[in-house]
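Input sequences plus hints: build the corresponding full structure.
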Amino acid sequence: LNIYDLRDFLSYIGANVFPNKVQDILVDNQQPFARSHSAYWTNPSTWKAIIPRIPIPLNPPS
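Per the numbering used here, residue 27 is the first one in the sequence shown, and the count goes up by one each step.
Don't read these hints as lab results, they were simulated from the structure.
Quantities reported herein were computed from a predicted structural model and do not represent experimental measurements.
Incorrect hints may appear among the rest.
Estimated spans, in silico, between C-beta atoms of each pair [stated by the list, open to error]:
1. V48 - P86: 26 to 34 Å
2. P83 - L27: 13 to 21 Å
3. L84 - R61: 18 to 26 Å
4. F59 - L84: 19 to 27 Å
5. N85 - S64: 30 to 38 Å
6. V43 - P81: 33 to 41 Å
7. I39 - W67: 14 to 22 Å
8. L84 - S64: 15 to 23 Å
9. K47 - W73: 17 to 25 Å
Note that beta-carbon positions come from the ideal geometry of N, C-alpha and C, so glycine has one too.
Printed below as a string of structure tokens:
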């Protein structure tokens, strides 16, 4: 999973570098560069992309 923002000049489309290995998700952090680079963590779109990919343990710790 590669999450990127067009305003984050440090981000990029990963599928161009790692074909058939990366799923790219475009988000809009609504921040100028350089704030856009750290704004992923407060962007709900980032979490909507990440959370479904977190595996649920079959035997959760008790």
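Just pull the numbers of the violated hints for me, sorted ascending. Violated: hints 3, 4, 6 and 8.
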